[in-house]
Amino acid sequence: MAALEEGFTLSAVPLGAGPHGLLGVEQSDKADQFLVTDGGRTVILYKVSDQKPLGSWSVKQGQIITCPAVCNFQTGEYIVVHDNKVLRIWSNEDVNLDKVFKATLSAEIYRIHSIQGAEPLVLFKEGAVRGLEALLAEPQQKIETVISDEEVIKWTKIFMVFKHTVLIFITEKHGNYFAYIQKFNSHTLSKYTLLLGQEEKSVIQSFSASVDRNFISLMSLSSDGCVYETLVPIHPRDPEKDQRVVRSLLLKTVVSGDARNGVALTVLDQDHVAVLGPLLPSSKECVSIWNTKFQTLQASKELPQGTSGQLWYYGENLFVLHGKFLTVIPYKCEVSSLAGALGKLKHSQDPGTQTVPHFVNWETSRGHRFGSQNSEQSKRILRRRKPEVSVQNPASKQLLSAIKKDSEKHIEEELCKFLAIKPTPDFNTIIGDIVSELLGRHKAEPSFYPRNSLMQLIQTHVLSHSLCPGLMEAALEKADVQMLQLCLQQFPDIPESVTCACLKIFLSISDGSLQEAEINMESVSDYSDSVQEEKMEEQTEVLHNGFNAEEENCGNCDRELNKKPQDAAEETTSCPVIPKRAALLNAILHSAYSEMFLLPHLKDIPAQHVTLFLQYLYFLYLKCSENATMTLPGLHPPTLNQIMDWICLLLDANFTVVVMIPEAKRLLLSLYKFVKSQVCICSELNKIEVSFRELQKLNQEKNNRELYSIEVLELF
Amino acid sequence: MGEFKVHRVRFFNYIPSGIRCVAYNNQSNRLAVSRTDGTVEIYNLSANYFQEKFFPGHESRATEALCWAKGQRLFSAGLNGEIIEYDLQALNIKYAVDAFGGPIWSMAVSPHGSQLLVGCEDGSVKLFQITPDKIQFERNFDRQKSRILSLSWHPSGTHVAAGSIDYISVFDVKSGSAVHKMLVDRQYMGVSKRKCIIWGVAFLSDGTVISVDSAGKVQFWDSATGTLVKNHLIANADVQSIAVSDQEDSFVVGTAEGTVFHFQLVSVTSNSSEKQWVRTKPFQHHTHDVRAVAHSPTALISGGTDTHLVIRPLMEKVEVKNYDAALRKITFPHRRLISCSKKRQLLLFQFTHHLELWRLGSTVATGKNGDTLPLSRDADHLLHLKTKGPENIICSCISPCGSWIAYSTTSRFFLYRLNYEHDNISLQRVSKMPAFLRSALQILFSEDSAKLFVASNQGSLHVIRLLEGSFKHLHTFQPQSGTVESMCLLAVSPDGNWLASSGTSAGVHVYNIKHLKLHCTVPSYNFPVTALAIAPNTNNLVIAHSDQQVFEYSIPDKQYTEWSRTIQKQGFHYLWLQRDTPITHISFHPKRPMHILLHDAYMFCIIDKSLPLPNDKTLLYNPLPPTNESDVIRRRTAHAFKISKIYKPLLFMDLLDERTLVAVERPLDDIIAQLPPPIKKKKFGT
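Chains as they are written, first to last, in full-length UniProt numbering: chain D, 1 to 716; chain W, 1 to 686.
The reader is advised that the hints may include incorrect statements.
Take a look, some chain W residues computed to stay more than 12 Å from chain D by CB distance [what the hints assert, rightly or not]:
1) 64
2) 95
3) 228
4) 317
5) 358
6) 360
7) 365
8) 475
9) 507
10) 512
11) 527
12) 587
13) 593
14) 605
Think about it this way: if two alpha-carbon atoms lie no more than 25 Å apart in a straight line, the pair counts; the simulated SDA-like pairs of lysine to any residue are [claimed, not checked]:
15) 697/D / 676/W
16) 665/D / 625/D
17) 648/W / 707/D
18) 99/D / 151/D
19) 642/W / 366/W
20) 142/D / 96/D
21) 342/W / 655/W
22) 386/W / 707/D
23) 195/W / 677/W
24) 154/D / 309/D
25) 697/D / 372/W
26) 281/W / 429/D
27) 230/W / 592/D
28) 648/W / 608/W
29) 275/W / 429/D
30) 648/W / 706/D
31) 191/D / 151/D
32) 648/W / 714/D
33) 163/D / 151/D
34) 642/W / 698/D
35) 342/W / 707/D
36) 154/D / 191/D
37) 648/W / 698/D
38) 281/W / 464/D
39) 680/W / 707/D
40) 99/D / 136/D
Derived by calculation from the structure, the hints in this document are not laboratory data.
All C-beta atoms in this analysis are idealised placements derived from N, C-alpha and C, irrespective of residue type, glycine included.
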């Protein structure tokens, strides 16, 4: 989950005295040190972790810096341009910029680019690019004009692609935008016209780009507040021709559309972008992190004193000019999850609450925590918490006494308090006691069923069936499928009889009551058109890893591969049970059992339920066999072995019954068919085994397994 | 270090006998193991699990039960209907008493150690009184319908549980009448089996009787009411053995599928005093039936048809996580079954009921390290010598010249003269053995094959001069006054002047053969001796102990040598001390007095006393030749222990001459191939 940490101000000196705020923030050759170029005359080297400047250099009165200072990573020197044409190169030891190396060029410079592992490049305003060394060797050399008249460079960036530098710059002419890609290994320049699509009238306000194997993913923030992505190929098919690239909408309305200035965009990583600008028309400016994959707002931070509309991102820090001061906001991105992202989305779209979303505070959250990831997270936080004044014993005592008489609501609150305390070594026994106490009261007064509390306790991961044997019993009585599913997932030691009782309930409960239940669906993916979906997924994966040249070729063979299973899929209809029931049945499939003890209980299941379950299992088997890895899609799907074992078990237990039912006949026939094919495979494998054994024998003979031999041994 | 031609012998077709019973003795921390051939072995668990004693078996004496009484006395009972007590000092059978109830299937000693109970084929349970030097029949309990297969005393000694076929009886000891009869369900997985055999019972102090039976059940019974309390179905096959710990908080059962299950008494909930038996750990260390289990305070011990004795330490009971906490699997006997005639290149193999004599092959080729040389002559099986009578062979030996073979059973001593005429071999038994030469624990020929040394089981050592076709008794060294401990190991010096002998616990005695008197006694050490040898020329006695220590004692000087003191001061390498099989043979290089060759089941080692000793930081075992290292490094890293692990399991290794070694291996696969097939378990996809 992406998060912004508390920012800090870098300089005590007001910056941004120039007309356009800061000129730039650039990395130096040492980690944690950054060159900040003021719009006026000053270059300052900051050490971010110490929050203090290490050095400051100024040009003479009357001169003005026109291009941000950069560090030449190959020599460790700094380079700055003043008065458009004059290069200054200096090192850390130099004090006065007047006395350092100076070179006056024949044309005006737009930017100097420096990147780790390559020579700095100089981009001239006319679009020509030169290496620094070549330029210094002959400063007055003629610089050609690349771009047409009235075309103005708006933005530029440099990348390393496979150890070669690639420079991109965007120009604008009469509201049309062009992208130029300059490759330095082949000295080719390709030009692309950016097609704005339907939003022709919008003005692009900020650019950012990242490189993704064979593409530069160019993101642009338009004046309508949306972020668009344009994929610009690095290796053009025909470099001579004028080419066009279209942009696609990536994020909708990340900043308020009427924000005319002070908006900026930068790519953070594969899935995240940072946007500077007001979220809502009336609100203050803020930095916000968006997840492009889930289209969600991950974090944001208000900047009430206004910004210059500039945003830089290096390493783990976002640099932004807040008021008159340069502010550093550390940015962190943990592994993101859909659940977490959705949680954010809810918050950010709720107009009633504050516009700036907060993190969910796990320490105060109560109940409604489903899914293992969330609860794990909460556990981690619980563990991190410092021990509080309250001691374990009184808290648990208080809770136990609350259980005896108080209402469910009150108990829940007490429980939350108790769980928030750092777990002690006897945590699990106390949890066990609490559960048995709760169940005891439930037994005494059947109306008392503290469902939420129990759910919360189960998710502490310390309970087992033997610790609270009554829990599942009570849930079975209440036909509380959600609780049963949770128990099946969490308890390692459920007896086979209880597993079977759960199975009976899962099979017999009506669809209507299932729809109401809130069931963890992570083990079920949409089976109905999983073939198509999988193909889609594959494609998105390819995109994630960048352009795959073989994709087109592969598509055909894929289709051929898929042909057969598709036929099979046509043969079987859709999933015989609704997804919620499927999720419950999957929980059964995942549970541990010993067949010897399970078989007698399986015999008690009514025939039509057996058939239904068999149909579902057979359906799963078919889905499994559709792909080469023999797995089902989804987060935590049943494995092929589990499916097979259960089919065998069910048939073993109920064979005579199943044989008698007419509607099971077709199913049995298909099962028979697939067993036959399995037997076929097995016999083939056996054949191979024989050959392997022969090989092994040959090998053993080589290893001299005779009864007697004379060998030479040298001891060292 | 040198290049050797190694005769790699794998034709020793030795199959250890399956384990039938084990009995653990808590007082002395010893384990008695009986095998299907009637042999009874005593393992000292404190001395690195060394097999310190053994009683040879007898064809007609199938042991079915084994137990310790009063800490020191060992009884066995078997299908010949006899109860036998063993003499642990003299290593022979003290007496045998017929119980007159047909084959005996079970036996149990009362908790106080004064009474012995046997269960017989005819359904009788017989009570014997244990007197200081014998046992005496006291009375019969109520006779049951069928054989009594298992017996267990209540810890108070007032009641006895007896497992029979289809039911368990609870007897009142005072009256001898059956108080309860608990019928065991014959049903097995819903299928009715013909009979349900109660293979084992255990009576706990709270009155619970635990039974294991042929239907794969472990059942808990209340002996006061005679009702079934709890039933664990744990196997598809028979559960054949049970053993309860002294604290009665855990017990172990063994099944015919080779699985051993550990049951523990654990609290039902966190802070309740109510406890219940829970099956906690399954172990699968066996491939075949686990016929016997024992429960020591720190380990589960199991043995069965697959001949392994497995000692599985309970990690929660082990205080120090040292090498003792590791699983032990004992397969081979800790004594030598092979002797060798260096002059004629003969090997004599000892089996239970016969001896085999083999001549090694030869080759004229040479090669480099690792080569297998072409044979110019293959090994020959010269002789197959069957014993007369039903008794097992205790020990055997071939003389260095190859012309004498001697072996002994419990009651007879045999000496043969071998004559070689070209390729023909003739065997002539030396008749008229003197009366005192009845049974030998160890036989040894002198280097020149002119003398024969016999350690008899009364602690005496006989010296016999061998002449062409006859012999002459020279002398008998009597044991020190008061001791009757038998000598198990002998070593003679190559010059024939010194004879060293060692028993199971006392020190090593050295006799002067010329003057026929005791020369000295090596100070006794806490751990039993596993191998002995006297070096040529220097007459240094090298002694290996079961704790993997090796001492060198100078016989002429009557003191430990300088090298021995040095290595004791510095200590052996930790990896050397962690080996889990004892050294069973020591020999010397005829031309290199500084070398000692010794081996255990998994390595052989040449100790070069001239090189520095390894410390714990040096690499003890380096299988790779030091190729690209300079001489300086090689010299610096070289240490005294040159170890090879190529040959394993190694039953015997000796130097035939300066450049030739003989190694007798017995691959485990070959043993497994000759065992009966295990119970087939259904596996998915097969």
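Verification of the hints:
no., hint, result
1, 64, "31 Å, holds"
2, 95, "44 Å, holds"
3, 228, "18 Å, holds"
4, 317, "22 Å, holds"
5, 358, "9 Å, violated"
6, 360, "8 Å, violated"
7, 365, "9 Å, violated"
8, 475, "41 Å, holds"
9, 507, "33 Å, holds"
10, 512, "36 Å, holds"
11, 527, "28 Å, holds"
12, 587, "15 Å, holds"
13, 593, "17 Å, holds"
14, 605, "9 Å, violated"
15, 697/D / 676/W, "23 Å, holds"
16, 665/D / 625/D, "22 Å, holds"
17, 648/W / 707/D, "14 Å, holds"
18, 99/D / 151/D, "36 Å, violated"
19, 642/W / 366/W, "23 Å, holds"
20, 142/D / 96/D, "30 Å, violated"
21, 342/W / 655/W, "8 Å, holds"
22, 386/W / 707/D, "23 Å, holds"
23, 195/W / 677/W, "23 Å, holds"
24, 154/D / 309/D, "15 Å, holds"
25, 697/D / 372/W, "18 Å, holds"
26, 281/W / 429/D, "22 Å, holds"
27, 230/W / 592/D, "23 Å, holds"
28, 648/W / 608/W, "22 Å, holds"
29, 275/W / 429/D, "16 Å, holds"
30, 648/W / 706/D, "15 Å, holds"
31, 191/D / 151/D, "13 Å, holds"
32, 648/W / 714/D, "17 Å, holds"
33, 163/D / 151/D, "30 Å, violated"
34, 642/W / 698/D, "33 Å, violated"
35, 342/W / 707/D, "20 Å, holds"
36, 154/D / 191/D, "15 Å, holds"
37, 648/W / 698/D, "22 Å, holds"
38, 281/W / 464/D, "18 Å, holds"
39, 680/W / 707/D, "29 Å, violated"
40, 99/D / 136/D, "17 Å, holds"
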